[in-house]
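> Please work from the sequences and hints to get the whole structure.
These protein sequence lines map, in sequence, to chains A and B.
Under UniProt numbering, the residue at position 326 of the first sequence is numbered 326, and the numbers go up by one with no gaps.
Under UniProt numbering, the residue at position 46 of the second sequence is numbered 46, and the numbers go up by one with no gaps.
Take these hints with a grain of salt, some might be off.
Since the list gives no way to pick out one identical chain from another, each pair is judged satisfied if it fits inside one copy or across any two copies.
Unchecked claim - Taking lysine to aspartate or glutamate pairs in the EDC-like style, the calculated list, with each CA pair at most 16 Å apart, reads:
(1) 243 / 221
(2) 280 / 300
(3) 305 / 150
(4) 280 / 294
(5) 339 / 48
(6) 305 / 283
(7) 289 / 174
(8) 224 / 241
Treat the hints as calculated values from the structure; they're not laboratory data.
So you can see what is in the structure, the chains are spelled out below.
2 protein chains.
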Amino acid sequence: MSSAAVPDQSPRPVRFGILGCAAIARKLARAMLLAPGAAVAAVGSRSEVKARLFAADNGLDVATTRLHGSYDALLDDPDIDAVYMPLPTSLHVRWATAAAARGKHVLLEKPTALCAADLDTILAACDTAGVQFMDSTMWMHHPRTAKMRETVDNKDAIGDIRTINSVFSFRANEDFLQNDIRVKPGLDALGALGDAGWYCIRAILWAVDYELPKTVIALRDPVKNQAGVLLACGATLYWSDGKTATFSCSFLTNLTMDITLVGTNGTVYVTDFVIPYEEKSAEFQVASKSNFAELHVGWDPLPSKHVVATDLPQEALMVQEFARLVQNIRDAGGKPEGKWPAITRKTQLVLDAVKASIDKGSAPVEVAS
Amino acid sequence: MSSAAVPDQSPRPVRFGILGCAAIARKLARAMLLAPGAAVAAVGSRSEVKARLFAADNGLDVATTRLHGSYDALLDDPDIDAVYMPLPTSLHVRWATAAAARGKHVLLEKPTALCAADLDTILAACDTAGVQFMDSTMWMHHPRTAKMRETVDNKDAIGDIRTINSVFSFRANEDFLQNDIRVKPGLDALGALGDAGWYCIRAILWAVDYELPKTVIALRDPVKNQAGVLLACGATLYWSDGKTATFSCSFLTNLTMDITLVGTNGTVYVTDFVIPYEEKSAEFQVASKSNFAELHVGWDPLPSKHVVATDLPQEALMVQEFARLVQNIRDAGGKPEGKWPAITRKTQLVLDAVKASIDKGSAPVEVAS
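This is how it looks when you write it as structure tokens:
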């Protein structure tokens with residue numbers, strides 16, 4: 001039997017429209033080219049010239065990729081299934097709800113909204129339209145994260161996590177600090193908290209299997225620019241069972257992406273959790289049931305290093321997973337996966353509480369649910 | 001010329017008396033056997049039998065080591081220069097001042113005192129007697145620490161440190177939690193804060209070149225045993241220039257000894273700062289001027305790992321350094337080195353502030369000076 005006689009059983013690719021040509025969209029365009037089940041069908045920008053330049057610069061086929069000169073035109077394109085939306089946060093409610101209303105599945109850059117109430121508007125629109133929602137938190141999709149999940153879920157190895165520390169910072173240059181959307185109150189008004197802090201909060205929630213903290217207290221002395229946008233801040237999160245997590249996020253210190261989980265039986269360390277040092281593999285370190293060696297002159301057992309290889313970069317794996325969920329809805333009558341909007345919402349609720357605590361001079365703020 | 005004709009120029013060893021046979025004293029006895037310039041001349045315990053057993057168990061020459069059946073007898077021994085004192089903290093004022101009054105140099109286990117006022121009594125006694133004081137914080141003397149100092153002092157590589165996280169915990173067993181001196185209010189009343197927290201506070205102060213924080217706020221929900229002794233706690237330290245440091249210490253979670261220093265230009269990581277994983281060498285990791293690789297799919301440059309070998313374990317290097325200072329006083333008319341009591345005192349001042357904040361339900365407490 002020749003292979004030509006077998007009908008192609010692989011599902012039709014999900015046709016993505018990229019709505020906005022931000023720098024981060026370049027990474028996602030590449031991911032869509034790499035990810036099985038995904039295709040870039042269209043690019044929409046405020047000008048068709050920009051859309052064409054973006055397509056040409058990012059290896060898209062300018063002959064077949066439709067180029068739209070407005071966001072509305074992209075959303076009106078009947079031949080796209082889903083939009084990836086790397087717009088400034090202040091535009092998310094408008095354009096994500098517009099996308100959902102036109103039946104497009106929504107892969108939304110983080111921070112997903114300026115506040116949880118805005119996010120709820122977006123999620124309600126997706127829910128009503130029956131489209132998949134996912135935030136673009138790429139590290140969630142790296143196989144290292146799955147391996148760490150297994151480790152953390154192994155109660156014998158790690159026990160109950162009691163203390164978490166996380167830092168995400170990078171040293172922004174002068175141009176960024178003057179001109180980037182993340183320092184502009186009308187665009188990404190949450191500044192470093194929305195950008196870098198998002199990852200810390202997500203990682204902390206991930207570590208505790210998305211159990212919301214009860215109370216949040218911001219660290220004192222957050223740094224703001226003249227427009228009042230946060231450039232550096234942090235908070236401690238308190239759970240009702242006594243767990244605590246502290247994070248710091250900043251545009252003003254060296255690139256740092258670490259999370260340390262301290263459990264009753266074990267400790268997990270990662271120092272590049274958001275973007276692994278290298279694309280092909282990533283590490284984490286586990287110390288389990290660590291003891292002192294005789295006379296306390298060393299450790300026994302020593303911590304172990306775990307290396308997890310990946311064929312595809314984490315952003316391509318994210319696109320692949322999103323496409324799989326969209327195919328299930330589009331082609332098999334499935335329902336949207338509720339896990340992704342649920343964890344987005346919890347991240348945003350904690351972010352809201354941290355922002356509120358900052359605004360109240362580091363007063364304790366209860367996390368809403 | 002035969003070697004016999006050359007007079008021995010090396011200084012006479014410092015003759016140590018070990019006052020108390022706590023478990024930690026075993027490690028120090030070994031260190032004194034290993035350290036050039038040091039000798040164990042005597043062991044003092046509440047019973048001579050215990051002193052004899054200790055000597056026999058720890059490779060001391062029972063024929064030449066003098067064994068004293070009381071602490072006073074040890075201190076009255078005219079042929080010891082210095083005492084190492086691993087007593088419960090509540091006994092430090094009495095016995096450290098007694099040692100100083102008899103002209104003995106004092107190597108004192110940590111926490112050095114229950115409060116800074118008690119420490120000041122000890123330091124005043126040492127000052128009056130002209131004897132050297134040093135606390136037994138061993139990791140300070142590892143060559144890795146000196147190498148990290150060089151790194152941190154390199155403003156181009158690290159810049160200004162803005163954020164510090166430190167954890168020191170170990171999982172105590174039931175016997176420890178019931179019977180160890182560190183859970184007894186009459187002995188080491190500071191519990192996990194005095195034991196594990198001491199190291200975090202010292203490391204944080206070390207990292208900022210001993211600049212005292214202005215304000216300390218304890219983490220909420222410290223864990224205490226029924227007698228009110230701290231089993232787990234933490235705090236955030238605030239400096240007037242906006243630097244912050246958060247530490248957690250615990251008897252209830254897996255062995256963890258990490259410190260992360262985040263500077264404007266670089267980040268330093270150590271995960272075994274108190275007791276290196278292995279005795280012969282120790283590592284730390286430095287990320288300096290870290291950037292994202294093209295498209296943010298990795299880091300460039302990658303962090304670098306630094307391995308520092310040591311011929312002697314850190315506790316032997318501590319004994320050697322203490323002996324050198326004692327020899328300088330005893331044999332060369334030198335004065336006590338003021339650096340060591342000064343950093344002990346700063347550590348204790350911060351510890352006092354953390355304790356006060358805990359006692360006040362995590363209210364902000366100004367650090368005394």
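> All the hints need checking, so say for each whether the structure fits it.
Hints and how they fare:
For a Cα distance limit of 16 Å, the shortest separation of residue 243 from residue 221 across copies, 9 Å, qualifies, whereas the shortest one inside one copy, 24 Å, does not. Proximity of residue 280 and residue 300 under a CA criterion of 16 Å is satisfied inter-copy only: 15 Å between copies versus 31 Å inside one chain copy. In this assembly of identical chains, the alpha carbons of residue 305 and residue 150 lie at most 16 Å apart only when taken from the same copy (15 Å versus 28 Å across copies). Taking CA atoms no more than 16 Å apart as the test, residue 280 paired with residue 294 passes between copies only; the shortest distance there is 15 Å, against 39 Å inside one copy.
Proximity of residue 339 and residue 48 under a CA criterion of 16 Å is satisfied in neither setting, with 36 Å inside one chain copy and 68 Å between copies. Within a single copy, residue 305 and residue 283 get their C-alpha atoms as close as 7 Å, and across copies as close as 14 Å, so both meet the 16 Å cut-off. When the C-alpha separation of residue 289 and residue 174 is checked against a cutoff of 16 Å, the pair qualifies only between copies, where the shortest distance is 15 Å, while the shortest distance within a copy is 46 Å. For the homomeric pair residue 224 and residue 241, the shortest alpha-carbon distance between copies (14 Å) is at most 16 Å, but the shortest distance inside one copy (33 Å) is not.
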